[in-house]
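Engineer: Chain by chain, the residues:
2 protein chains.
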Amino acid sequence: MITRNQVKRINRLKTRKRRDEGVFLVEGVRLVEELLDSELQVELAVVAPSLVRVERGAQLAKTIRDSGMQLAEVTDSELSELADTETPQGVLAIAREPSWELANLQPGDRTAMLVYDRLTDPGNLGTLMRTAHALGVDWCVALPGSVDPWSPKAVRASAGSVFHVPVSREPWPEVMNWLRERDFTIFCADPGGEPVTRGVVRGEGFALVLGNEPSGLSEEVRNACDARIGIHLSGKMDSLNVATAGALLLDRLIGDPDRS
Amino acid sequence: MITRNQVKRINRLKTRKRRDEGVFLVEGVRLVEELLDSELQVELAVVAPSLVRVERGAQLAKTIRDSGMQLAEVTDSELSELADTETPQGVLAIAREPSWELANLQPGDRTAMLVYDRLTDPGNLGTLMRTAHALGVDWCVALPGSVDPWSPKAVRASAGSVFHVPVSREPWPEVMNWLRERDFTIFCADPGGEPVTRGVVRGEGFALVLGNEPSGLSEEVRNACDARIGIHLSGKMDSLNVATAGALLLDRLIGDPDRS
Numbered sequence: 654m655i656t657r658n659q660v661k662r663i664n665r666l667k668t669r670k671r672r673d674e675g676v677f678l679v680e681g682v683r684l685v686e687e688l689l690d691s692e693l694q695v696e697l698a699v700v701a702p703s704l705v706r707v708e709r710g711a712q713l714a715k716t717i718r719d720s721g722m723q724l725a726e727v728t729d730s731e732l733s734e735l736a737d738t739e740t741p742q743g744v745l746a747i748a749r750e751p752s753w754e755l756a757n758l759q760p761g762d763r764t765a766m767l768v769y770d771r772l773t774d775p776g777n778l779g780t781l782m783r784t785a786h787a788l789g790v791d792w793c794v795a796l797p798g799s800v801d802p803w804s805p806k807a808v809r810a811s812a813g814s815v816f817h818v819p820v821s822r823e824p825w826p827e828v829m830n831w832l833r834e835r836d837f838t839i840f841c842a843d844p845g846g847e848p849v850t851r852g853v854v855r856g857e858g859f860a861l862v863l864g865n866e867p868s869g870l871s872e873e874v875r876n877a878c879d880a881r882i883g884i885h886l887s888g889k890m891d892s893l894n895v896a897t898a899g900a901l902l903l904d905r906l907i908g909d910p911d912r913s
Numbered sequence: 654m655i656t657r658n659q660v661k662r663i664n665r666l667k668t669r670k671r672r673d674e675g676v677f678l679v680e681g682v683r684l685v686e687e688l689l690d691s692e693l694q695v696e697l698a699v700v701a702p703s704l705v706r707v708e709r710g711a712q713l714a715k716t717i718r719d720s721g722m723q724l725a726e727v728t729d730s731e732l733s734e735l736a737d738t739e740t741p742q743g744v745l746a747i748a749r750e751p752s753w754e755l756a757n758l759q760p761g762d763r764t765a766m767l768v769y770d771r772l773t774d775p776g777n778l779g780t781l782m783r784t785a786h787a788l789g790v791d792w793c794v795a796l797p798g799s800v801d802p803w804s805p806k807a808v809r810a811s812a813g814s815v816f817h818v819p820v821s822r823e824p825w826p827e828v829m830n831w832l833r834e835r836d837f838t839i840f841c842a843d844p845g846g847e848p849v850t851r852g853v854v855r856g857e858g859f860a861l862v863l864g865n866e867p868s869g870l871s872e873e874v875r876n877a878c879d880a881r882i883g884i885h886l887s888g889k890m891d892s893l894n895v896a897t898a899g900a901l902l903l904d905r906l907i908g909d910p911d912r913s
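Chains A and B supply the protein sequences, listed in that same order. In our numbering, each residue carries its 1-based index in the first sequence increased by 653. In our numbering, each residue carries its 1-based index in the second sequence increased by 653.
Quick caveat, the hints were computed from the structure, so don't treat them as lab data. Among the hints, a few may not be true.
Any copy will do: because identical chains look the same in the list, a pair fits if it lies in one copy or spans two.
As the list claims (entries may be wrong) - Straight-line C-alpha distance at most 30 Å; calculated BS3-like pairs for lysine-lysine:
{"no.": "1", "residue 1": "715", "residue 2": "889"}
{"no.": "2", "residue 1": "806", "residue 2": "661"}
{"no.": "3", "residue 1": "661", "residue 2": "889"}
{"no.": "4", "residue 1": "889", "residue 2": "667"}
{"no.": "5", "residue 1": "715", "residue 2": "667"}
{"no.": "6", "residue 1": "715", "residue 2": "661"}
{"no.": "7", "residue 1": "715", "residue 2": "806"}
{"no.": "8", "residue 1": "667", "residue 2": "806"}
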């Protein structure tokens with residue numbers, strides 16, 4: 654059984670209104686598994702009979718039941734109505750948005766940060782969160798004007814990485830001060846920027862700022878850059894998708910022990 | 654004026670039926686500009702008054718008129734009805750699908766090829782076409798089971814790169830024979846593969862095969878691989894988006910003169 658209030662609440666989460674409540678919606682087996690595997694607080698799980706029809710779903714249903722979290726059981730058609738996606742796989746959850754603040758980050762050597770300057774496409778932002786997670790980025794910041802990292806599309810594109818890699822939403826002056834006080838190098842992605850050479854990042858930490866597609870970086874960010882960096886394009890296309898450009902720059906900045 | 658037949662034809666192009674006709678739909682100023690800048694044949698341009706309201710659009714309208722191509726003029730609301738996107742920016746076009754075949758490729762030194770093995774997401778395939786174009790890949794192949802490179806979503810994600818980088822649709826045995834006969838190295842992307850070291854590709858050409866997300870490479874492709882390669886992930890996420898993984902592997906395989 655699901656209450657009328659729970660249904661209303663889930664429906665609100667599919668619109669921008671949910672920002673007022675500090676919670677967001679997670680759908681599907683893989684994403685809910687990732688959510689339960691994170692430190693985020695789950696407020697409600699909603700489960701339908703189709704979940705237990707595959708082994709992996711049955712395992713997830715057991716985990717949900719054993720956890721003692723609040724649980725609503727609905728029919729498959731009720732779940733389809735509640736879901737934002739077409740195939741919710743018999744499960745969705747409401748989770749509390751974490752309140753990450755840069756002030757809480759204790760930087761170590763070679764701390765890597767990714768900053769989104771008015772990134773408006775949720776698919777690109779989510780894909781970048783997934784890349785950040787895979788490449789070992791420590792922190793992400795979504796500057797004002799960027800898409801909500803907890804929107805359903807961004808969460809899906811991140812494959813659950815938004816549950817694990819901290820992403821805070823703070824204005825540039827605060828972020829810049831934080832970076833300056835700790836001697837971080839501020840790199841800005843720019844199609845006309847200098848190609849990155851491995852080893853450019855030494856002891857200290859760094860932040861890589863990615864701008865809006867197609868309008869680029871905002872003036873205040875551009876002015877604060879220590880270096881504008883880009884990918885040397887040997888082909889005829891003059892730009893890369895922002896999630897691709899961000900991945901290539903991060904890979905080169907972070908480097909790894911396997912590269913010659 | 655637009656004829657009833659032209660309207661019917663455009664509406665068919667928004668569905669899978671258009672495959673029968675060998676033509677596809679292109680929408681928006683930037684994409685139509687890219688189309689006119691390519692060697693592809695344009696069958697019909699459709700223009701509405703809103704196109705000329707911005708300087709860049711007015712320039713495009715002039716180019717279309719001067720070219721002597723078949724042109725239909727419609728109202729803005731008629732164009733919105735015809736378009737697949739919400740903001741067609743006053744212009745769309747029907748173009749003839751090029752008939753690229755691997756048999757026509759004359760490989761040179763360090764020829765780079767990208768092969769899609771059952772890639773089903775049009776956004777990922779389009780993003781990979783854009784990356785291939787930017788990094789100087791010479792040829793792409795979409796194996797059976799892959800999404801149509803000329804679908805509206807793939808064309809949009811490619812930012813027009815599908816008009817420039819050849820992409821053929823051929824079965825694996827033919828592709829493999831072509832590669833073997835020319836001593837190409839066949840690399841397969843695999844999350845558990847060996848990290849790529851720069852310089853691994855020397856004189857000869859290579860093909861990088863990307864598999865389905867999440868099921869991976871098909872058996873026949875996997876068996877033909879010379880090497881399985883992957884990205885060493887320092888973070889906690891066990892996989893990357895396929896368009897991101899493809900970009901990182903290509904960047905490392907192709908290398909560039911700016912890297913140390």
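Engineer: Which earlier hints can't be squared with this structure?
Structural biologist: As far as the earlier hints go, only 3 is violated by this structure.
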